Amino acid sequence: MLTVRFFARLREQLACEVLEIPCAPGLGTVAALRSALASRGPVWQQALEDQNLLMAVNHSLAEPATPLAAGDEVAFFPPVTGG
Amino acid sequence: MSADRCRVQVQQAAFNPGQLQDLLPPSGAVVTFTGNVRDLSAAGSVHALQLEHYPGMTERSLQAIASEATARWSLRAAHILHRVGRIEAGEAIVWVGVCADHRGEAFAACEFIMDALKTRAPFWKKEHGAQDARWVEARDSDISRAERWQLTRTGDAGTGPCR
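Sequence order for the protein chains is E and G. With the first letter of the first sequence counted as 1, position 29 gets the number 29 in our numbering; the numbers rise by one all the way through. With the first letter of the second sequence counted as 1, position 4 gets the number 1004 in our numbering; the numbers rise by one all the way through.
Just so you know, the hints here were simulated from the structure itself, not pulled from any lab data. Remember, it's a predicted structure, so these values are computed and weren't measured experimentally. Backbone N, C-alpha and C fix where the C-beta goes; we use that ideal spot for every residue, glycine too. Warning: the hint list may mix true and false statements.
Straight line, CA to CA, 25 Å or less: simulated DMTMM-like cross-link-like pairs of lysine to aspartate or glutamate [claimed, not checked]:
no. : chain 1 : residue 1 : chain 2 : residue 2
1   : G       : Lys1126   : G       : Asp1101
2   : G       : Lys1126   : E       : Asp50
3   : G       : Lys1126   : G       : Asp1039
4   : G       : Lys1126   : E       : Glu12
5   : G       : Lys1126   : E       : Asp72
6   : G       : Lys1126   : G       : Glu1059
7   : G       : Lys1126   : G       : Glu1137
8   : G       : Lys1126   : E       : Glu49
9   : G       : Lys1126   : G       : Asp1142
10  : G       : Lys1126   : G       : Asp1140
11  : G       : Lys1126   : G       : Glu1088
12  : G       : Lys1126   : G       : Glu1052
Listing some non-contacts, in silico: residues in chain E with all C-beta distances to chain G over 10 Å [what the hints assert, rightly or not]:
no. : residue
13  : Met1
14  : Val4
15  : Leu14
16  : Cys16
17  : Pro25
18  : Gly26
19  : Leu27
20  : Arg34
21  : Ser35
22  : Arg40
23  : Trp44
24  : Gln45
25  : Ala56
26  : Leu68
27  : Asp72
28  : Thr81
Let the hints inform the model, and build the full structure from the sequences given.
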């Protein structure tokens, strides 16, 4: 399984905080997971096409090509605004 | 070397900057920064902020930033505290304390830590005004400031002596 978390504005747009998704051959990278999530419906497609979104795998910032493995925690979130 | 050279904390409770400074080790130069919640933003008046974070990743990110600072400059301490949850206008939201033998390193490291935190640490602000609430947008000026240190968004692995 993959755990997928969403934060801040993105969490509100999707009305979703966390998802558990079974690993599949087509979900080998962060980019592939993002595409699969975008196909869940118009709201998901619109929210996830935002090019400013950041991605993390296991609490480290990730790139589209970052590989995924069973048990990974993936997160999508808007640019950060702390401080 | 003290295990407390890099110390990071994320908490809901208000804090007293003076008490945090007292925890820093003796040193020739101490630079601290306290960030307070302003009561006005570009979008209007602000009564309070709601700070969201990513438990686990946020602490790891702050630790990496403190560690990177101690790798870049010769520091005796680099401490970071950031609040989450609801924070009223006028209250302190973030505090950084840096100790070094000389002021140059302490000033630079403190500014580096804040610039890195603003662009890399997973926190998100929601402003609560009189009528509404809105997410704060990331600012290009923060990215420009961070780029002065040649920070990269993927550079959060940290290689400093506190890892």
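Each hint tested on the structure:
1. G/Lys1126 with G/Asp1101: violated (38 Å)
2. G/Lys1126 with E/Asp50: At roughly 19 Å apart (the allowed maximum being 25 Å), E/Asp50 and G/Lys1126 satisfy the hint.
3. G/Lys1126 with G/Asp1039: holds (13 Å)
4. G/Lys1126 with E/Glu12: Roughly 12 Å between the alpha carbons, so the hint for G/Lys1126 and E/Glu12 holds.
5. G/Lys1126 with E/Asp72: The hint is violated at about 28 Å.
6. G/Lys1126 with G/Glu1059: Holds, at roughly 20 Å.
7. G/Lys1126 with G/Glu1137: Between G/Lys1126 and G/Glu1137 the Cα gap is close to 9 Å, so the pair holds against 25 Å.
8. G/Lys1126 with E/Glu49: holds (22 Å)
9. G/Lys1126 with G/Asp1142: Measuring from Cα to Cα gives roughly 17 Å; hence the hint holds.
10. G/Lys1126 with G/Asp1140: Holds - the C-alpha atoms of G/Asp1140 and G/Lys1126 are around 18 Å apart, at most 25 Å.
11. G/Lys1126 with G/Glu1088: Given pair G/Lys1126, G/Glu1088 holds - Cα atoms ~12 Å apart, limit 25 Å.
12. G/Lys1126 with G/Glu1052: holds (8 Å)
13. Met1: With a cut-off of 10 Å, E/Met1 remains clear of chain G, as the shortest Cβ separation is near 18 Å.
14. Val4: holds (13 Å)
15. Leu14: holds (14 Å)
16. Cys16: At roughly 15 Å from the nearest Cβ of chain G, E/Cys16 sits farther out than 10 Å, so the non-interface label holds.
17. Pro25: Non-interface label stands for E/Pro25: nearest chain G Cβ at 26 Å, farther than 10 Å.
18. Gly26: holds (25 Å)
19. Leu27: holds (21 Å)
20. Arg34: holds (16 Å)
21. Ser35: E/Ser35 is indeed farther than 10 Å from all Cβ atoms of chain G, at 21 Å.
22. Arg40: Holds: least Cβ distance 22 Å, greater than 10 Å.
23. Trp44: holds (19 Å)
24. Gln45: Consistent with the label, E/Gln45 stays out of reach of chain G, its closest Cβ about 20 Å off (over 10 Å).
25. Ala56: violated (6 Å)
26. Leu68: Holds, because the least Cβ-Cβ distance between E/Leu68 and chain G comes to about 16 Å, which exceeds 10 Å.
27. Asp72: For E/Asp72, whose nearest Cβ neighbour in chain G is about 13 Å away, the distance exceeds 10 Å, so it holds.
28. Thr81: violated (5 Å)
The structure is inconsistent with the numbered hints 1, 5, 25, 28, although it conforms to all the rest.
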